[in-house]
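Respectively, the protein sequence lines represent chains B and Z. With my numbering, you'll find the first sequence wraps up at 567, consecutive numbering, no jumps. With my numbering, you'll find the second sequence wraps up at 167, consecutive numbering, no jumps.
Keep in mind the hints are simulated off the structure, nothing from the lab. Among the clues, some could well be false.
Each computed BS3-like pair below joins lysine-lysine, with the alpha-carbon atoms no more than 27 Å apart [to be verified]:
{"no.": "1", "chain 1": "B", "residue 1": "K225", "chain 2": "Z", "residue 2": "K133"}
{"no.": "2", "chain 1": "B", "residue 1": "K162", "chain 2": "B", "residue 2": "K207"}
{"no.": "3", "chain 1": "B", "residue 1": "K215", "chain 2": "Z", "residue 2": "K48"}
{"no.": "4", "chain 1": "B", "residue 1": "K232", "chain 2": "Z", "residue 2": "K133"}
{"no.": "5", "chain 1": "Z", "residue 1": "K52", "chain 2": "B", "residue 2": "K536"}
{"no.": "6", "chain 1": "B", "residue 1": "K207", "chain 2": "B", "residue 2": "K290"}
{"no.": "7", "chain 1": "B", "residue 1": "K215", "chain 2": "Z", "residue 2": "K39"}
{"no.": "8", "chain 1": "B", "residue 1": "K394", "chain 2": "Z", "residue 2": "K133"}
{"no.": "9", "chain 1": "B", "residue 1": "K394", "chain 2": "Z", "residue 2": "K48"}
{"no.": "10", "chain 1": "B", "residue 1": "K536", "chain 2": "Z", "residue 2": "K48"}
{"no.": "11", "chain 1": "Z", "residue 1": "K39", "chain 2": "B", "residue 2": "K232"}
{"no.": "12", "chain 1": "Z", "residue 1": "K39", "chain 2": "B", "residue 2": "K394"}
{"no.": "13", "chain 1": "B", "residue 1": "K225", "chain 2": "Z", "residue 2": "K39"}
{"no.": "14", "chain 1": "B", "residue 1": "K489", "chain 2": "B", "residue 2": "K431"}
{"no.": "15", "chain 1": "B", "residue 1": "K225", "chain 2": "Z", "residue 2": "K48"}
{"no.": "16", "chain 1": "B", "residue 1": "K260", "chain 2": "Z", "residue 2": "K133"}
{"no.": "17", "chain 1": "B", "residue 1": "K232", "chain 2": "Z", "residue 2": "K48"}
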Amino acid sequence: MSDYAIPYADLKGIENNLKTIYNNLDSIENKVSGVGKEVSTVYKELGDLAKEFHDYVARKDKADRLQLAHTKVVKIRQELDNKYGHYDIVRRSTTGILQADDLGIVKKDTISNATEDLMISTPNYWLAPCLVALAAWINDQPELADKALREAIKRNDEKTSLFFALVCRRAGRKQASLKWTQRYLANQDEENLDRKAIIVLDAFASGLMGADTEGLISKQIDEWMDKLAETPGFVEKQTTQWSKAISAKRKPLNGSGYQYLSKYSHTWSALKDVMEGAQLHADILQYFTDIFEQKVTTKTLKEQLDEILDSLVTDFDDEELPLRKKEKYEQLVIDFDGDERRAKQNMAIEETAFETHKDFTQLLTDAAMNPELAHSSVSTQKFAIALSKDWIMDAYNDVTAKNRMKVPHIIEINVDNFNSSSTDGQNEEEVLANFYTMVESEKNSALAQCQLSGFDKFCLPGGAVIGGLGLIMVLTGNIFLGLIAIVGGIAFLSNHFSKKKSVTNGQNNIQFQFGEKRKSGEQIIRAIMAEIVDYRAEFARADRESQKVIDFLEQITPEQYVAKLSNSSRKINVNRGIK
Amino acid sequence: MPKPMLRRPQTETKMESSLSASHKQENKQQNAQMNKMVVDRLLRKPRSKAYMEAMTKLDSGGHVHNQAQVDKIINAIREEFPEVEITGIMLGVVATCYLGRPYEVHSLDITGRIIEHYQSGHAMPGGLEKARSLAYRGGYEFVEVYVDCCRAVSSNGSVSVIPC
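Hey, can you work out the whole structure from these sequences and the hints?
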């Protein structure tokens, strides 16, 4: 019997100790779990803080860069003025002399004296001897005109040829104009064309040249197009070139209207990107429509030629190009509110406009898409688009397809720690069911951790027993020890009820918090699903606009967009549909 | 030795060359580049009506087990591009599946000479998966999948090229 009594007593003690250890471990685990939660909260807050900090730094950098750009633009313009400002008087004198001669109200000697003064005050400038030659021509001094012309050609053959082609046309000397144009075109290579060729194209597209000259230019354009089309990789290069030019018209998505998707979906950046791509269609359609809806100018031939002459003498001085390029870059930084990355992106596309030489089709692309930088008129824009329409359509189809390929098939839903997905917003109930399950599981886990510890539970029976024993002791005369036992018992009971109340409060709190989480999560998920449906519909609507662009381009022909002079009987036969 | 992309006439004789080895190598590279440019230009041409019709037969469920029909479609592809050796550069064709949910897309695997229909969540093998989203959502008739790009074909036969 005694053999069994000892092990029985020992096992009870060990069992109790194990229970205590288990309870202690349980308590430690709860505390560790609590610390873990706090650490993850700290991490999240730290992440938010870091994001806010980075955002602040980015904003500050942009603001600083914007201020710097403003300063730089002023400095560059000052430098341009200091270096080339004195050319301005020569430039303005050009049309001044021509108009004065038209009106016949200025003495011929005055014109001669003025041009001679300009020749002296602007050494090495190509336009000064041109004006001396012009004045000599007006004064009927062939020898001086010849001498001055030779000097002008020596200084800048291409510009002088273009200048006199336009001046002779203005004076109604069509044969002379034709010869000067021939001289200019003879030195041009379709793969390495001088950027001033846009002047010829402008005069041609505006119908300002004589029939013979226009025939010559039309033939030249055909030849250039044929030669370029035979060049291996030309069509592919064209498509890439136009793709870039079209993509450059993309605008950032402002106030998207998708407040939940933008906040609760990791797919948002891709969604935003393709929506910008889809909205490009309407913008491009508007861009082309605006160009083609502009009415042909009602200005006289002389007024139009004067404008082109002004452009030739003002916009094409190559020595100014580096500074003009810098000016454009800083202006882009200003336009994009100090965002240097976007300024660089756009500059990379517009850079070709600052190249002194380019191939003929790049000239067309620049004329169509960057008219301000390429210094092309609306007539040239129309003509360039019409002439390039097959490449534009190929490029446009590629840009559209590229954007469509990036459309995310699955849209992620990331609400707090809940992750799910949807393709078209139709699986709302399924996603919500998964969300409820997750919230329920989290709640149960939190409730399981919010329980009375073993000691706290023990306090109720323990306190009652000790208090009861104390009462018996008081009644049996052992007052002092009895009172101590009663006080101890009350302390145990008080601890139990206080902890129980705290646990009940904690559990109620958990129930409330998870109830709120379920409610707000449900609201967010329903809103996301609605936005996914809206997004898909809006994308489809915006994407459909691409067909309108293609339809618009298909009905354009280059012949339509060469302005005709009333007395012109020329036939335009510009090549189309090179593949 | 890489397979030539352009088909040459059988009678063409080998050109004798006195160029050095390095020049030959350079020439080879240039020829390969030129070949690619020519092939790219040929493959951008709008697709013929006959070809478009052959491709619409991809969605017919019976073709899954009818090898003769699959071969007929593959032959239609070869006939569409007589100048191009299509094997090795074209992986297959992917199009929206009209069998209804859960099917999303179907594909013609040129190498495996097989037509298969794919449910949502089931990835397509052999590099065809890259065309899935475009075929399913792009609004194109079908998407031709190549080793270096996808060519999306619209209902009017026009071709859009997406490098990928």
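Right, here's what the structure says about each hint:
no., hint, in the structure
1, K225/B <-> K133/Z, "25 Å, holds"
2, K162/B <-> K207/B, "17 Å, holds"
3, K215/B <-> K48/Z, "20 Å, holds"
4, K232/B <-> K133/Z, "23 Å, holds"
5, K52/Z <-> K536/B, "23 Å, holds"
6, K207/B <-> K290/B, "25 Å, holds"
7, K215/B <-> K39/Z, "20 Å, holds"
8, K394/B <-> K133/Z, "10 Å, holds"
9, K394/B <-> K48/Z, "24 Å, holds"
10, K536/B <-> K48/Z, "21 Å, holds"
11, K39/Z <-> K232/B, "22 Å, holds"
12, K39/Z <-> K394/B, "25 Å, holds"
13, K225/B <-> K39/Z, "14 Å, holds"
14, K489/B <-> K431/B, "19 Å, holds"
15, K225/B <-> K48/Z, "16 Å, holds"
16, K260/B <-> K133/Z, "21 Å, holds"
17, K232/B <-> K48/Z, "21 Å, holds"
Hint compliance for this structure: no hint is broken.
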